[in-house]
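There are 2 protein chains.
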Amino acid sequence: MKTCLECIPCFFKQALDASRIAGADALTQRSVLNEVARVIPEIQLDATPPEMARTIYRIVHEATGVDDPYAQIKEESNRFALNIYDQLVRKVKNSGDPLFTAVELDIAGNIIDYGAKNSLNIDEELDKILADEERVIQREGARFFHDGAFLSTLKQSKSILYLADNAGEIVFDRVLLEVIRKQFPQIRIWFAVKEKPAINDALMKDAVMCGLPEVAEVISSGSDAPGTLLQFCSESFRKIFQDADMVISKGQGNFETLSGVDRPIFFLLLAKCPVIADHIGCCVGDIILLSHQGIK
Amino acid sequence: MKTCLECIPCFFKQALDASRIAGADALTQRSVLNEVARVIPEIQLDATPPEMARTIYRIVHEATGVDDPYAQIKEESNRFALNIYDQLVRKVKNSGDPLFTAVELDIAGNIIDYGAKNSLNIDEELDKILADEERVIQREGARFFHDGAFLSTLKQSKSILYLADNAGEIVFDRVLLEVIRKQFPQIRIWFAVKEKPAINDALMKDAVMCGLPEVAEVISSGSDAPGTLLQFCSESFRKIFQDADMVISKGQGNFETLSGVDRPIFFLLLAKCPVIADHIGCCVGDIILLSHQGIK
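First to last, the sequence lines map onto chains A and B.
Mind the numbering: the first sequence is residues 325 to 620 in our numbering, read in order.
Mind the numbering: the second sequence is residues 325 to 620 in our numbering, read in order.
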């Protein structure tokens with residue numbers, strides 16, 4: 325997915341947010357914004373937004389000296405999600421269709437991205453999502469919920485590469501992977517996190533804190549981009565990405581960077597940004613399970 | 325009011341919106357954003373946001389050659405507001421307190437600024453505002469509704485300078501000024517519009533289209549800033565600004581540019597932007613009638 329002109333105001337907002345979270349004083353915040361302004365004319369609009377995001381967070385890192393501004397937020401998100409883990413498991417167990425209940429909850433867990441800013445909203449959103457009626461309506465009415473293709477691909481797969489998104493949210497991924505492991509015990513599962521800090525994306529230590537190693541082989545993408553920019557990933561990661569029977573990609577950053585890649589991928593995401601919603605053809609707030617068949 | 329770092333992403337959004345409304349192609353839109361990026365490091369943060377807005381719209385004008393991108397939107401806003409003029413007058417007439425019903429409706433009319441984007445929302449918002457319960461709650465609960473000071477100043481004044489904001493919205497101003505004229509026939513009223521296009525701010529022709537000359541002496545500020553930057557106003561305007569017994573300032577742009585000025589002013593506005601709401605200490609969406617007593 326290409327960068328839109330609408331992304332440019334958003335880059336400045338992200339830079340300001342990240343500087344503040346990194347504890348920068350007003351003067352440093354200003355110098356970060358000036359530096360972002362300096363690189364704006366150089367942006368290639370055919371690059372994906374996470375490529376520019378990577379540049380922005382590098383600017384923030386250089387100006388503030390803070391390597392991982394979101395460290396505390398990530399830990400809090402993990403703790404928040406671990407606290408509701410039992411609830412999620414119960415919900416899935418009591419459902420008539422544990423697999424797709426887990427898928428829906430997992431996509432809904434993508435709301436944790438907002439969590440850094442407003443934990444009250446997370447509670448509300450999750451309450452809504454945990455309510456049966458809401459979920460049934462969403463699935464039946466959804467043009468972008470390819471459950472049939474997802475199930476048939478699972479049945480034919482011997483290996484899955486699951487691309488993680490944010491800290492905290494990975495507890496929801498774990499719940500889904502536990503269901504997959506139970507229903508399809510023959511499948512080998514890789515769970516890929518980022519190598520280095522990338523906004524609030526999950527790192528290896530988050531995966532460990534959230535118990536992912538119990539359900540998958542946790543690997544690193546080798547990259548610090550908030551998405552999956554294959555050119556910056558490690559060779560070993562790229563090999564798994566190419567060879568896995570099924571790739572499940574979580575969240576907006578992975579969608580933005582992989583929607584133009586020529587291999588089948590299932591995209592699980594909550595459409596949170598109007599540019600992405602417009603690209604998919606859905607509405608902001610929609611729960612998306614998209615079967616991407618590679619470039620035609 | 326000073327420019328905040330939060331205003332910077334917003335400047336880019338405004339530049340993009342204005343370029344598109346001016347009919348610029350993608351390449352021109354991009355060059356406008358690049359030019360805004362070029363001037364960002366030069367912004368003085370102790371300048372008011374409308375000063376930067378003035379620069380932005382100048383960049384858009386130079387890149388697109390379009391002198392008044394919002395011309396059509398302004399005309400539509402005028403027509404929309406003129407269509408509900410009778411309703412507004414009836415509402416005021418049937419109210420137990422015509423003056424402050426007109427004040428509240430006038431502030432609510434500040435929503436027309438959003439109108440360019442979504443006329444459905446205007447209808448909804450106005451329906452809400454036109455409902456009795458809502459208004460009473462707002463006035464009783466409002467910490468920023470200085471009706472006592474407003475009334476006593478009116479009683480003592482022989483002249484009022486009313487600073488207009490947007491096209492369309494000025495029909496609401498007219499309804500208020502008609503009530504003032506009726507209750508205080510001794511007061512001379514000047515109604516100031518912008519000299520040249522400034523976003524969707526009202527110009528002389530809008531005032532004429534909306535019947536303002538029937539109720540006030542319509543004058544020009546002499547400036548093209550979307551606010552009242554006294555240094556760019558004409559000398560004749562500045563004299564009236566200084567000499568008028570009472571100044572009523574409408575909307576955010578006038579507030580941003582005059583909140584630091586050393587003379588008593590009544591600010592009527594809907595707090596639409598989080599930076600302004602934060603500055604006032606109110607919430608976004610609040611209806612504000614602020615008695616500013618000059619700098620202490």
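Because the hints were derived from the structure by calculation, they are not lab data.
Computed from a prediction, not measured in an experiment: that's the story for all the values here.
Watch out, some of these pointers could steer you wrong.
No copy is singled out in the list; a pair is fine if it fits within one copy or between any two copies.
[What the hints assert, rightly or not] Taking lysine-lysine pairs in the BS3-like style, the calculated list, with each CA pair at most 30 Å apart, reads: (1) K337 to K415; (2) K337 to K479; (3) K337 to K326; (4) K482 to K326; (5) K337 to K596; (6) K415 to K326; (7) K482 to K337; (8) K326 to K506; (9) K520 to K479; (10) K479 to K563.
Right, here's what the structure says about each hint:
1. K337 to K415: Classified as neither; 37 Å inside a copy, 42 Å across copies.
2. K337 to K479: Answer is neither: 43 Å inside a copy and 47 Å across each miss the 30 Å cutoff.
3. K337 to K326: both (19 Å within a copy, 18 Å between copies)
4. K482 to K326: Classified as neither; 33 Å inside a copy, 61 Å across copies.
5. K337 to K596: For K337 and K596, both the intra-copy (15 Å) and inter-copy (18 Å) Cα distances are at most 30 Å.
6. K415 to K326: neither (38 Å within a copy, 51 Å between copies)
7. K482 to K337: neither (42 Å within a copy, 47 Å between copies)
8. K326 to K506: Neither. Shortest intra-copy (38 Å) and inter-copy (59 Å) distances fail the 30 Å Cα cut-off.
9. K520 to K479: neither (34 Å within a copy, 67 Å between copies)
10. K479 to K563: within (22 Å within a copy, 81 Å between copies)
Going down the numbered hints, you'll see the structure goes against 1, 2, 4, 6, 7, 8 and 9, while the others check out.
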